[in-house]
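Using the hints provided, position chain G relative to the given structure of chain Z.
Chain by chain, the residues:
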Amino acid sequence: MKAAPFEYCRAGDVDEACAMLAADDGARVIAGGQTLVPMMVMRLARPTRLIDINRIAALAYIRSEGDSVAIGATTRQCVIERDALVAAKVPLLARAMPNIGHAATRARGTIGGSLANADPAAEISLVALTLDATLSYRAGGKTAEIAARDFHVGPMTTSLPDGACLTAVRFPVWQGKVGSGFHEVNARSSDFAFVSAAAQVELAGGRCKRIAIGVGAATDHPVRLDSAERQLTGGALEPKAVRAAIEQALADIEALDDLHATASYRRRVAAVLAARAVDDALARAQGKNPHAH
Amino acid sequence: MRIELTVNGVLHELDVEPRATLLDCLRDVLGLKGAHAGCEHGVCGACTVLFDGAAVRSCLMFAAQAAGSAITTIEGVTPAPGELSPIQDAFCETHGMQCGYCTPGMILAAHALLADNPEPTRDDIVEAISGNLCRCTGYAQIVEAISLAAERMRGVNRPRSLTK
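As they're listed, the protein sequences go chains Z and G. Numbering-wise, my numbering puts 513 at position 158 of the first sequence, and it's gapless, one number per residue. Numbering-wise, my numbering puts 84 at position 56 of the second sequence, and it's gapless, one number per residue.
Extracted from the complex, chain G is given alone in its bound form:
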């Protein structure tokens, strides 16, 4: 069936089988391999994307259901080619990844959290990524990364004299 989908700000008109998940569509039709196909049944969180701004699992919805919606994948969070978003940058700086498989999902979950709550507590961060599995880091540096990104994003428009 024919659907329209806005992905990372670009409107696409696509032909999809009803049984194709949004994840299949992003990866196999649009070539956006940043949304990872991990468990494909809603457990691991590696396929997390932003669906009209909310973090959702792209393996748990059919592309046909997403028709007319705006999707943001990890490819869409950078301000410009070759640059990193503040959250991506914080993940690099705190070494909030090892193999990188869970990282796009973690970063998009963090985006959704910080868009809603610029000053999250540690508990808020832990809760926000509770549905994203990481088998490498033990989560500590991921939590640190999100906390660092939050601090930087809060301070972005403050004069340097007021920042710590």
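Extracted from the complex, chain Z is given alone in its bound form:
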């Protein structure tokens, strides 16, 4: 279990990282390395050069930017997990964080690394999609943006251009009576999810003003349940209606089928978890604790 030989270099800033990427086709950026290093030691990845961006101080931050919370690409998952601004303004992200890997991998793993790695089961990718986050990157001396909806295109595959370095992700903050819910099923606590679901709800006058529902790990990249969102907006989010809308939205998905779970299991569990996530989001938007006994 040893990685193949490679050159190691440390980038002083993002443009230097981009220049290093452009100079070597086999080069890869390393951030937390919690997926890349296992891939390398199993020889599933053989980069010729690792460009370490961990020490670029300008990439590690959490701050309010207008109506959003912006998080720098190398911000550690353990920092986001405990951040007061994230908990207050992007509660869905805060709720998802403890489900990512283990404490020891969250101590190194970064938000940008998880997004760029694009594992179908990645919780951060699911939250970014559900909240319509915007991803920023640098390439060729220019900054550009991609909507989360356009970023994940397949398993471990993103639309990030060659030679680009992800720099930040911006989560829109929902105002008003907002609640969120997150659920996942896995074999062991904190292991890869077989299915995950995220939802956020905004209420106005007791009715659903806005709703976002996403499902992860069930398909080769996280998906939004657009048709369910359209059906449920304006309604009272009555549990039966929620379940029916979600089941209908999931009827056509191409669920993954592997040794962990069958496609039909994933489709059924996705419906249950998404409905629970919406129920929790609704309860929290109403100021209730959905899990109080």
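Check the hints yourself; a few may be wrong.
To be verified - Away from chain Z, derived, C-beta distances all over 10 Å, residues of chain G:
#1 Leu42
#2 Met89
#3 Cys120
#4 His123
#5 Cys127
What the hints assert, rightly or not - Negatives, chain Z to chain G, calculated, CB over 12 Å:
#6 Asp370
#7 Asp407
#8 Gly589
Claimed, not checked - Partner residues aside, some chain Z positions facing chain G, computed with beta carbon under 7 Å:
#9 Met356
#10 Ala358
#11 Tyr363
#12 Gly367
#13 Gln389
#14 Val396
#15 Leu399
#16 Ala400
#17 Asn454
#18 Asn541
No wet-lab data here; the hints were simulated from the structure. Beta carbons: idealized from backbone N, C-alpha and C, even for Gly.
Showing chain G alone in chain Z's frame:
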């Protein structure tokens, strides 16, 4: 490549290949065999060390990345040669080990937990060691050990009349 690394309070200047993990460096260059090479791809937790105070998997970072950092291995948690840390002592007392392979990782995960949270609930303890696999104990005595260590470490400066 040449790196500087502070391990258990001692500054070392080392020559490492870029592909050497921090674990390889600790074991093979510095001879610190307490960090165990189990799965070597981030699953088992046997290689856990403290990296600037946080519990991390030393198999999941390259030594070159750790340059300039402070590492604590199991060899570095004892107050003096021949002594045990309160956490190590609690593991002995509750029989929180059998073969001992996972033990250094468990103890360092417990160190990181208790440094941050001196009064952990059972759930906090279970969560803190959720990334460390043990094939012998069934975890119950490990959880008991960490709970006992926490209780003792909280009581360390309290007068005896106030301790249970």
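Legend entry - Hints violated by the structure (listed by number, smallest first): Violated hints: 2, 7, 12, 15, 16, 17, 18; rest satisfied.
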